[in-house]
Amino acid sequence: MAEELIIENINTPKVMGVAIRRLRKRAGLSQLQVAELVNIRQATISDLENGRGTLDSLFKVVQALKLNLVLSSKTALISNKEKTRTNEVLDLLKD
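Going letter by letter, the sequence shown gives residues 776 to 870 in the numbering used here.
Hints are supplied without guarantee of correctness; some may be wrong.
For lysine-lysine, the following DSS-like pairs were computed, each having C-alpha atoms within a straight-line distance of at most 30 Å [said to hold, decoys possible]:
hint	residue 1	residue 2
1	Lys841	Lys800
2	Lys800	Lys789
3	Lys789	Lys841
Per label pair, the in silico range of CB-to-CB distance [stated by the list, open to error]:
hint	residue 1	residue 2	range
4	Phe834	Asn786	17 to 27 Å
5	Glu811	Ser848	30 to 40 Å
6	Gln817	Thr787	18 to 28 Å
7	Ser805	Leu833	26 to 36 Å
8	Asp831	Arg797	17 to 27 Å
9	Ser848	Gln808	27 to 37 Å
10	Gly826	Ala802	31 to 41 Å
11	Val845	Val813	16 to 26 Å
12	Lys800	Asn843	15 to 25 Å
13	Leu842	Ser821	13 to 23 Å
For the record, the hints were derived by calculation from the structure and aren't laboratory data. All values reported here derive from a predicted model rather than from experimental measurement. Cβ atoms here follow ideal geometry from the backbone N, Cα and C, with glycine treated the same way.
Take the sequences, apply the hints, and build the full model.
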């Protein structure tokens with residue numbers, strides 16, 4: 776099974792940039808390599824990673840890194856966390 780990195784609270788362009796940088800490095804790619812994959816300038820990748828990129832650039836980089844960009848409501852995140860906690864408690868009670 777493929778390893779998955781989940782970043783739950785991307786709430787600013789700067790945080791998105793940090794996440795993109797981590798995922799790019801994890802893929803073993805330089806900014807220049809990603810830029811060449813999607814036919815944009817390396818400076819555009821740098822801008823994106825520093826919270827100054829455009830949505831168009833973001834979508835191109837997400838595609839180049841073979842990522843999925845998922846939006847979720849805060850309510851859904853809380854609900855999933857509550858389900859996880861409930862399951863953990865139930866597992867403890869079984870023992």
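> Has the hinted range 15 to 25 Å been met by the Cβ atoms of lysine 800 and asparagine 843?
Replying inline: For lysine 800 and asparagine 843 the Cβ distance comes to about 19 Å; the hint holds.
>> Between the beta carbons of glutamine 817 and threonine 787, is the distance compatible with 18 to 28 Å?
In response: holds (23 Å)
> leucine 842 and serine 821, beta-carbon distance inside 13 to 23 Å?
Replying inline: holds (18 Å)
> Between glutamate 811 and serine 848, does the beta-carbon spacing fit 30 to 40 Å?
Replying inline: About 36 Å separates the Cβ atoms of glutamate 811 and serine 848, which means 30 to 40 Å holds.
> Falls inside 17 to 27 Å, the C-beta gap from aspartate 831 to arginine 797?
Replying inline: Given about 21 Å between the Cβ atoms, the range holds.
> Under the criterion that the straight-line Cα-Cα distance not exceed 30 Å, is the pair lysine 789, lysine 841 satisfied?
Replying inline: holds (21 Å)
> Taking 27 to 37 Å as the hint, is the beta-carbon distance of serine 848 and glutamine 808 inside that range?
Replying inline: Check passed, 35 Å falls within 27 to 37 Å.
>> For lysine 841 and lysine 800, compute the direct alpha-carbon distance and say whether it is at most 30 Å.
In response: Within the cut-off at roughly 13 Å; holds.
> valine 845 and valine 813, beta-carbon distance inside 16 to 26 Å?
Replying inline: Cβ of valine 845 to Cβ of valine 813: about 20 Å, so the range 16 to 26 Å holds.
> Does lysine 789 lie within 30 Å of lysine 800 when you go C-alpha to C-alpha?
Replying inline: At roughly 17 Å apart (the allowed maximum being 30 Å), lysine 789 and lysine 800 satisfy the hint.
>> Against the range 17 to 27 Å, how does the distance between the Cβ atoms of phenylalanine 834 and asparagine 786 compare: consistent or not?
In response: holds (19 Å)
> Is it true that the C-beta distance of serine 805 to leucine 833 lies inside 26 to 36 Å, as the hint says?
Replying inline: At roughly 18 Å between Cβ atoms, leucine 833 and serine 805 fall outside 26 to 36 Å, so the hint is violated.
Going through the hint list in order, the structure does not satisfy hints 7, 10.
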